[in-house]
Every structure is written in C-alpha cells, then in structure tokens.
Amino acid sequence: MSSKSSTRRVLGPFNRVEGDLEVKVEVDQGIIVKAWVNSTMFRGFEQILHGKHPHDALVYTPRICGICSVSQSVAASQALAILEGIEPCPNGQLATNLILAAENMADHLTHFYLFFMPDFARDCYANRDWFETTKERFKAQTGTAARQVLPARAAFLHLTGILAGKWPHSLAIQPGGTTRPIEAQEKVRLATTVSAFRRFLEDVVFGCALEKIAALQTIDELKVWQHNHPDSDFSHFLTVADDLKLSEIGQASHNFMSYGAYTEGNEHFFKRGLWQQHYKPLNPEQIKEDISHSWLNGQSEAKHPYQGSTIPDINEDSGYSWCKSPRLDQKVIEVGAISRQMVDGHKLIQQLVSQSGANVQNRIIARLLELALVVPEMENWVKQLQPKDIFCITAKLPDDAQGAGMIEAARGSLGHWVRIKKGRILNYQIIAPTTWNFSPRDSQDQPGALELALQNTFVGPDENASVIIQHIIRSFDPCMVCTVH
Amino acid sequence: MENSFNVLWLQSGGCGGCSMSVLNAEQPDFFSSFQLNNINLLWHPSFSEASNEEFLSLLLSIESSETKLDALCLEGSLLRGPNGSGRFHMLSGTERSMINVIESLSQQANYTVAIGSCASFGGITMAHPNPSEACGLQYEGKERGGLLKESWLSPGKLPVINISGCPTHPNWVIESLIQLAMGDFNSEDLDNYNRPRSYTNHLVHHGCPRNEYYEYKASAEQSSDLGCMMEHLGCLGTQARADCNTRLWNGEGSCLRGGYACINCTAPEFEEPGHNFTETPKIAGIPLGLPTDMPKAWFVALASLSKAATPKRLKVNSTSDHILISPGSKTKEGNKK
Numbered sequence: 007m008s009s010k011s012s013t014r015r016v017l018g019p020f021n022r023v024e025g026d027l028e029v030k031v032e033v034d035q036g037i038i039v040k041a042w043v044n045s046t047m048f049r050g051f052e053q054i055l056h057g058k059h060p061h062d063a064l065v066y067t068p069r070i071c072g073i074c075s076v077s078q079s080v081a082a083s084q085a086l087a088i089l090e091g092i093e094p095c096p097n098g099q100l101a102t103n104l105i106l107a108a109e110n111m112a113d114h115l116t117h118f119y120l121f122f123m124p125d126f127a128r129d130c131y132a133n134r135d136w137f138e139t140t141k142e143r144f145k146a147q148t149g150t151a152a153r154q155v156l157p158a159r160a161a162f163l164h165l166t167g168i169l170a171g172k173w174p175h176s177l178a179i180q181p182g183g184t185t186r187p188i189e190a191q192e193k194v195r196l197a198t199t200v201s202a203f204r205r206f207l208e209d210v211v212f213g214c215a216l217e218k219i220a221a222l223q224t225i226d227e228l229k230v231w232q233h234n235h236p237d238s239d240f241s242h243f244l245t246v247a248d249d250l251k252l253s254e255i256g257q258a259s260h261n262f263m264s265y266g267a268y269t270e271g272n273e274h275f276f277k278r279g280l281w282q283q284h285y286k287p288l289n290p291e292q293i294k295e296d297i298s299h300s301w302l303n304g305q306s307e308a309k310h311p312y313q314g315s316t317i318p319d320i321n322e323d324s325g326y327s328w329c330k331s332p333r334l335d336q337k338v339i340e341v342g343a344i345s346r347q348m349v350d351g352h353k354l355i356q357q358l359v360s361q362s363g364a365n366v367q368n369r370i371i372a373r374l375l376e377l378a379l380v381v382p383e384m385e386n387w388v389k390q391l392q393p394k395d396i397f398c399i400t401a402k403l404p405d406d407a408q409g410a411g412m413i414e415a416a417r418g419s420l421g422h423w424v425r426i427k428k429g430r431i432l433n434y435q436i437i438a439p440t441t442w443n444f445s446p447r448d449s450q451d452q453p454g455a456l457e458l459a460l461q462n463t464f465v466g467p468d469e470n471a472s473v474i475i476q477h478i479i480r481s482f483d484p485c486m487v488c489t490v491h
Numbered sequence: 515m516e517n518s519f520n521v522l523w524l525q526s527g528g529c530g531g532c533s534m535s536v537l538n539a540e541q542p543d544f545f546s547s548f549q550l551n552n553i554n555l556l557w558h559p560s561f562s563e564a565s566n567e568e569f570l571s572l573l574l575s576i577e578s579s580e581t582k583l584d585a586l587c588l589e590g591s592l593l594r595g596p597n598g599s600g601r602f603h604m605l606s607g608t609e610r611s612m613i614n615v616i617e618s619l620s621q622q623a624n625y626t627v628a629i630g631s632c633a634s635f636g637g638i639t640m641a642h643p644n645p646s647e648a649c650g651l652q653y654e655g656k657e658r659g660g661l662l663k664e665s666w667l668s669p670g671k672l673p674v675i676n677i678s679g680c681p682t683h684p685n686w687v688i689e690s691l692i693q694l695a696m697g698d699f700n701s702e703d704l705d706n707y708n709r710p711r712s713y714t715n716h717l718v719h720h721g722c723p724r725n726e727y728y729e730y731k732a733s734a735e736q737s738s739d740l741g742c743m744m745e746h747l748g749c750l751g752t753q754a755r756a757d758c759n760t761r762l763w764n765g766e767g768s769c770l771r772g773g774y775a776c777i778n779c780t781a782p783e784f785e786e787p788g789h790n791f792t793e794t795p796k797i798a799g800i801p802l803g804l805p806t807d808m809p810k811a812w813f814v815a816l817a818s819l820s821k822a823a824t825p826k827r828l829k830v831n832s833t834s835d836h837i838l839i840s841p842g843s844k845t846k847e848g849n850k851k
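Chains as they are written, first to last, in my numbering: chain G, 7 to 491; chain H, 515 to 851.
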C-alpha cells in the first residue's frame, strides 16, 4: 500500500541502454518504495520465425539485436546443431568462441566507456574531488577516453572481419562450425589483432598485465592494486565507486545463473550452473515464462519456452510491459558477468558479493575482470586453430525435432528454444539476458531483478534528476532490443 | 555551436545494429568524424549524456523551432501497430507513439535520413507476418509511401534519404551526412529507391574475391567451400547494389569474404526472398535471379561454355575449404605449387 506522502512518477526515456526503457517509481520521503519496469517496444520475432525454414533463423535472429548479434547467431546455431544431431568441428568451435568473445569483449568495453561512466561526468558531481579528471576523460562524446577506445575497439573487431565477414549481423556461424576457413598467415594476423587489444587493455584500462587483474583474489588485494595503479581507468572507477558508495546501491536477488560461456570440448570456459549461497547444477526444465504482468495473452500459466507463445495484447489490463517474466523454479534470477563469475567461482567476485551483495560496484568489477580473463584465453584459441583442417561440417535437418541453444551473451544468459515440424519452424521462443534482469512482476507478484534493485534506493527530492537510478539501471548493461524482440 | 549542422538520431523498430556499425568507423572514429566536420549530434540514444526530461525538453525545443534541426536520422522501422495505434513503440516517459514523434520531427528537419534498411523500407521487422505493422519512412517494402507520403519532400527539398543496409556501413552514413552538411548532396545523388548512389552505383559482385570461380561457374556446394555461391548457396551479389567488396567491412571483411551468401540487404523486401536465404532457387537446374541487366539466354549460353572450359584448379578448389591447387606455372610434370 502506498502511504499518503508517496508520489508516483514515470521516468524515461533512458538512453545508453541499447533500446527503449521506461521506469515507474513510487517515492516516499525520497526513497523508492516500488518500481515498475516497462520495455516499451514490441517487434514480434517469434511470430516472424514461425513457419520459416529452420536455417533462416540464422538470418533473422542476429537481427534481433545489433549489440548481441553474434550471441543470437551462436544460440540459434547451437539449437540447429542439436536438431541436426551434430557438433561443430574443432576449428569451427574455436572460431565461434573467438567471434563470440570479440563481440562480448567489445560490448564490455562499450558499456564501461560509452554507456556507464559518462554519468559520473555530469555536472551534479561537480563538487567531487575526482570530477575534473572524470569529466575530461569520460564526458559523453567529447571525453578523451572515447578517442582511444573507439579506434581500439574497431581494430579489435577486425577479428570479425577476418573470421565472420563483418559485425554485426554475420552468417558465418553455422551449426557445424564456421563458413570462413583461415590460412596460416591469417592465423598470425588474428593473433596480432588480439595481442594489440591486450596491449590497449594493459596500457589504458588496467595499467598492468591482464594476468595481474585475473589473479586478484581478495578485496584487500584489490585495494593494494588500486593504490599501486592510480592512473588506470579501472582504478579511477574504483575511486568513484568508493566515494559514492556504489556498493550500497542496486542490490537485487542473490540467485545467480550462467548457461556456461565458450564451449571447450564437453565443458565451458566459464562453468554452467547456479549460485544460490553455493554452487548448484542448472536444470533448464525449471525455466518458465510468466506473462501475468505483460501485454501478452494466450497462456493461463507460466510455461517452459518449448510450450510458450508470444501473442501481443495491448488490452491486457494487468500488463505493464511487453517483456515476459522468466523465472527459474519460480525464483527471480540475475544474469550477467557477475553471475558468470559467481557460478564459475572467481574468488574476488565471491568475496565482494559476500561482503556487499550484487550491486552497482560489483557488477562493473565483474565485467572488467572478464576482459582480463577472456582475452588471454582468446590468444589460446587462436593458437589452437589448425589452418589445414576443416572449419565446418554439414548435416541433414530432420523433419521433426526440438533443440535449445543456451549460451552467454555479454549481458547474461541467452536461450533459443526451437521446435520444428515437417521441416519448418513450429515454435521458436527466445529468452534474452535482459528479459531475466528487467522482467515485470510474476503471478506471485515477485518483482523482477531491476525492480528489486531499485527498491529502497534513496533518490532525494527530485527523482527525475536522480542519476542514482541511472547508475543502477546501467549497471546491468541492459539490452532492451533483445529483451522483448 | 551556432553554425554547426545539427543531427538528431532516434531509434524505433530495429535492433540498434546500425549505431553499433557506425561505431566501427575508422580513421577517424565516429565521434571525431562528426566533430571534425562541424556536425553536432544533438542527441543519440546510445551516446548522449541527456536522459529523461533533459531529452524531452530538447524534443520540445526542436518541435517549437527553438533549436534548429538540420537532419533527423531514424534507425529502425516505424511500428504502426497494433491496429494503427503505434502503441508497439511508445516514447518512454510520454504518452506519445514514436510514429507521432517522428512524423512531427520530419516536418522540422531540413533533411530526413533513414539509417539502415528498417527505417528505409521496413526491413527485417517487416518480415511476414509483419506482427508490428512495420514500414519504412517513405517506403513500405518496394511500394512508395510509408509513414510519409510518396510525394513528401523535406523542407530541404529532398525525399527521405535511404542509407539502407542491414546493418548499414559506417562510411555510407558518415560520408552522406558530411555531404549534406556541406550542401554537396542533391536529388541526382539518389538512386531509384532514394539510396545514395555513392554506394549503390556498384554491385556487391564487384571486387568479390570469388570472381574467377563465378566466371567459370565453379560453384561451392556447401558452407566453407571456396567456390562461387551463386549457383547453390543463394548468393545475390550479382544483383545486390552496394560496394561491400570494394569498400570492405571491419578492416578486410564482407559477407562473401566471410564465406556466406550476399542476401541483398540494401534492397527493399530482402527480408522475404521467397526461398530459403542460403539455397538458390532453380528451375530445370538454372538458377532464378540471374544478373539483372544480362539477357538470360546469353547467361545460360555463356555459363555452359565456361563450365565446359573450367580449369581443373578451379573445379577442385571450388568444393574445397582450402586451396588445393595453386595457379603455378606449367612444367613438364604439370601444374606445380
């Protein structure tokens, strides 16, 4: 119940969230009592895919999202591989990992420099000690960082030019591997491209070897590192985070999930599973999508995506978003880099979360940490490529089958659930990372992860001017175009 | 920036991929390219500081002509549904549909520019059954007239400039906007679909490294084969209008260089080719959709001739994923490496 003193406000549009987002808040004495998150755009990919040839999903689904385009490709090709009963050949798997990692690492960088940090260069922080340097470095569009980051990012994405033709929206990733065999000299160029990106990260983002960041195990070690490397951008963020107490805002659920990232043989480089106080294996059968608070109809109860449907209905009175509410065993789940590192058991992230929870500061640390963990592994994948061997195998698609592609995009767990009949797509349901994080309430009235994260936040007298809400929202690295698709 | 060329960039029914693509611009980067040419990005959904009311007041100031708008750039298609209401995309924080906002702004902007195939023609979002009632700014697929009428001209006396592509190439966008800012762009620079001729005067086929396979009809049979992808794998490079293989993407890439078919993404209705994207439809073994300006009989005659003359090197390499026979000079022992 809202008290007499509380007010409701609708906030938006939030930019730097890749797509469209509106948030309604109920504020009482400067504190958010309740929040409602609305994904404001609907396109209907699930209906578009119905009846199409299964392989055409490789054209349509990447175009759900321009920032998670390869992630969508990988999820679709993995689902198709299951339908066809094949696995990508070793070169094809390595190339897929490289293309996916290129997208994910570029996204982490884009998020930190272009989406998240510019908020600290706002004039509302003019009285802070760190303001002048932050403004010079991170001011939207004009900060000095962008002039270093954009060329480094573009050069790094040459890796996709070689292995995938282009980014975004490539057709190179196929169920049995990739379409682009490479020669020995191209392998050398890939290695150099990744090394150049490593050098940029070491010079600019971290100010030290990536291995040094990857090896940080405790909060004390992180503090010592910060003290010794005051000039790096990561260190600069930690200073801001300490001063603004970013570890005290944006707490969501403590249920973390990862589908497992980057296939290596029968394993993943980052483990698949759940973290709920401790590690648990993931049972995908427990995933269900609830539409009780969505502008959707056609489902009277929460359904597993194989059985799910996506039918818009603007007249659905209980709805307040186009987004569904996925739940795992009826629980609200958070996904993203922080969840991947909790599940994979990275010591520093686990200690940070046990000390202060999943919050704005810790989400950003986990994301930057992944740059230091994944780029060295990319170097290994390049080394393992065998230019003389095949890159792709093909197989015949059966008429009737079902399969799921479950992968990790930069911003969290992405799943495609596909059923085909008579050689055509019968049902194609997608649950994107931000569908988990920014879902509306479910039939038990449980708020989604962002709705939880906004509750109890002190925003002061003018919630519209409150940049704190924006820090919390952007800490999830949301992708709204994926969310509803 | 009083004399700057003011650009407002909005997104609607699309994926944001064209914005991500422009970030791939190099030498110089995207922000620098604008700054160095006195182009002022008033607001962009992914790159600007302003959020919420700060943006809504900018909108107000443009609509009341207080702030000069030189170019409105729209990325993504126009979502007219459900039932023409536009409620599939409301501008967050308001009770206005995006189609309403865009229609109003297009009357203010000196030029209106569609960024990518969605904003140009409807694009992927318009694929059957077009659940969101999507269309382009001035086209609905190949039909003239979209959100704006066929006869509509901007205050700068140009129709909507369609920088189509899925995604569009960073330089197609940046160079066209700089030309507009310099006053160096007029209706003669547009093709029959109002796309900049700077890139549609070319075919994707131009500069394709598989040209020799094409000449001899030495065809790839499956993904990752080196041969020409027109006969079996659905490649539309000989019909698609764009300079992808001479300008290149992400350093040295293109779809064809990446080993997969051109799906003609700069064209209206590419999203519904009427066949599987990566399989060439054929009648009596002859591919449908031959090069547009070549008489069919000639094509068939030349194809059968060249097929008969295909060197062994191309025949073998075309169905391999690595070059097995190199061009090499002839010796007594035959072709050498």
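By construction, these hints were calculated from the structure, which means they are not laboratory data. What you are looking at is a predicted structure, and each value in this text was computed from that prediction instead of being measured. Take the hints with a grain of salt, since some may be wrong.
Cut-off 27 Å, straight-line C-alpha distance, at most; resulting in silico cross-link-like pairs (DSSO-like, lysine-lysine) [to be verified]:
1) Lys30(G) x Lys58(G)
2) Lys427(G) x Lys796(H)
3) Lys145(G) x Lys582(H)
4) Lys582(H) x Lys58(G)
5) Lys829(H) x Lys394(G)
6) Lys294(G) x Lys427(G)
7) Lys58(G) x Lys40(G)
Going through the hints against the structure:
1. Lys30(G) x Lys58(G): violated (38 Å)
2. Lys427(G) x Lys796(H): holds (24 Å)
3. Lys145(G) x Lys582(H): Satisfied, since the Cα-Cα distance of roughly 24 Å is no more than 27 Å.
4. Lys582(H) x Lys58(G): Between Lys582(H) and Lys58(G) the Cα gap is close to 45 Å, so the pair fails against 27 Å, i.e. violated.
5. Lys829(H) x Lys394(G): Holds. Lys829(H) to Lys394(G) sits at ~19 Å (cutoff 27 Å).
6. Lys294(G) x Lys427(G): The given pair, whose Cα atoms are some 23 Å apart, holds under the 27 Å limit.
7. Lys58(G) x Lys40(G): violated (42 Å)
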